[in-house]
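Asks: Hey, can you work out the whole structure from these sequences and the hints?
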Amino acid sequence: GSVKESSFLSGSGGSLRNTYNIGFETAFSSIKMKLSLGLMDREKAWSVTRGTTVATTRAGGPGTLSETPSQSYNADIQFAVPVFDRHILTFGSTFRHGWADSQEHGITNWKDETSKTTLSYQAKGKDKTYALFVQDEIMILKNLTAYIGFRHDWWETYDGYVNQVGTAGYPKEYDSRNASAFSPKAALVYKPFDKTTLRTSIGKAFRPPTIYELYRTWTTSSGTTYAGNPDLKPETTISWDMGIEQGSWKGAKVKATYFENYMKAFIYRKTVSATLQESINAGKAESKGVELEAEQRFDKWLRLYGNYTYTDAKIKKNDAKPSTEGKKLTQVPENMFNAGAEFEKGPFSASLTGRYMSKRYSNDDNTDIVNGVWTSQDPYFLLNAK
Numbered sequence: 001g002s003v004k005e006s007s008f009l010s011g012s013g014g015s016l017r018n019t020y021n022i023g024f025e026t027a028f029s030s031i032k033m034k035l036s037l038g039l040m041d042r043e044k045a046w047s048v049t050r051g052t053t054v055a056t057t058r059a060g061g062p063g064t065l066s067e068t069p070s071q072s073y074n075a076d077i078q079f080a081v082p083v084f085d086r087h088i089l090t091f092g093s094t095f096r097h098g099w100a101d102s103q104e105h106g107i108t109n110w111k112d113e114t115s116k117t118t119l120s121y122q123a124k125g126k127d128k129t130y131a132l133f134v135q136d137e138i139m140i141l142k143n144l145t146a147y148i149g150f151r152h153d154w155w156e157t158y159d160g161y162v163n164q165v166g167t168a169g170y171p172k173e174y175d176s177r178n179a180s181a182f183s184p185k186a187a188l189v190y191k192p193f194d195k196t197t198l199r200t201s202i203g204k205a206f207r208p209p210t211i212y213e214l215y216r217t218w219t220t221s222s223g224t225t226y227a228g229n230p231d232l233k234p235e236t237t238i239s240w241d242m243g244i245e246q247g248s249w250k251g252a253k254v255k256a257t258y259f260e261n262y263m264k265a266f267i268y269r270k271t272v273s274a275t276l277q278e279s280i281n282a283g284k285a286e287s288k289g290v291e292l293e294a295e296q297r298f299d300k301w302l303r304l305y306g307n308y309t310y311t312d313a314k315i316k317k318n319d320a321k322p323s324t325e326g327k328k329l330t331q332v333p334e335n336m337f338n339a340g341a342e343f344e345k346g347p348f349s350a351s352l353t354g355r356y357m358s359k360r361y362s363n364d365d366n367t368d369i370v371n372g373v374w375t376s377q378d379p380y381f382l383l384n385a386k
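Using our numbering, the letters of the sequence shown map in sequence onto residues 1 to 386.
Some hints could be false.
[Said to hold, decoys possible] Have a look at the derived ranges for each label pair, beta carbon to beta carbon:
| # | residue 1 | residue 2 | range |
| --- | --- | --- | --- |
| 1 | A186 | G23 | 21 to 31 Å |
| 2 | V189 | E67 | 46 to 56 Å |
| 3 | S30 | S93 | 38 to 48 Å |
| 4 | S30 | N335 | 25 to 35 Å |
| 5 | E25 | G169 | 16 to 26 Å |
| 6 | V54 | E173 | 33 to 43 Å |
| 7 | G247 | Y310 | 51 to 61 Å |
| 8 | N335 | L304 | 16 to 26 Å |
| 9 | E67 | N335 | 31 to 41 Å |
| 10 | R355 | A168 | 42 to 52 Å |
| 11 | P82 | S273 | 23 to 33 Å |
| 12 | R355 | A179 | 58 to 68 Å |
| 13 | T114 | N74 | 47 to 57 Å |
Don't read these hints as lab results, they were simulated from the structure. Just so you know, these numbers come straight off a predicted model, no measurement behind them. In this text, a Cβ means the ideal position worked out from N, Cα and C, and glycines have one as well.
Replies: See the structure below:
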């Protein structure tokens, strides 16, 4: 059979994001207060997908323009109060609100994103999260400190809307949904010697689905469709870790940490077919691993560092697709390594960093084992200098 020229073409893209942050700190007698406000405005985010017919060539032809602007703002307030001689009580609240509006239009020329024609797809929605938190820092001994706290989150998504223009049953409007979660945490920090620190912690975390995971469906230039799911539930994670930090000669230190994460209602992309993946909640997933770090500072002008992470992440229970139980989580590398050097002297600065990432699976059944082919997630090493 013949091969279309459009199969080897890749469209352009770009984005413009503005981030604004402001902070304020003050003290009332022994009470310290911190206030921070932030705004993330992704004013433009667009990409072009070339058409798939013989009408699309290197010279031009039809395509699709995807635009995904979004905006979110947050506010955080925190108070720290000494209580008696051995306690520091920290409490506060956070708020976040966001929206996203994704649209797809046909374009007459895939090389010109301004040649936009009619709307073919739209997905949008909003979400907001409120949270209250409290932490008690307890100095049990001069070299032993405990941290006990909790956080309660309230999440809501609303104004969900999807329109696949010309498709029966669309547009669709989705009812608002909400959820809440109580997340406790505890930690111990022990310094048996001046340059030795032992740490351990256990806690629970809560992650609601994003607006894109809920409502957005899109297709890549390689032909794979990633479908949103408006029925997604928040995922929860119980984590614990233990580690050691050891200083040695001047400016040198090493760290080692072991961690485990136990996830419920884990949000991931289920592989439905070779060209379709949809976001769902798996029953349970686990990740276990080790982090190793080393750093050497030479006065204030040179810093050398390196870190390595090993992660064994697997789906443990998945009633929606039992065949994936025991398989590796998608897009989670087993091995990662970073190393670099940072130099700063007066007005001059420079850095050199290297990053290695091992192979990742893009299919939840882990069948994409061949490297060096179209859409494979190969191991790579990236070197940056500036």
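Asks: Which of the listed hints are broken here?
Replies: 3, 4, 5, 7, 11, 12, 13
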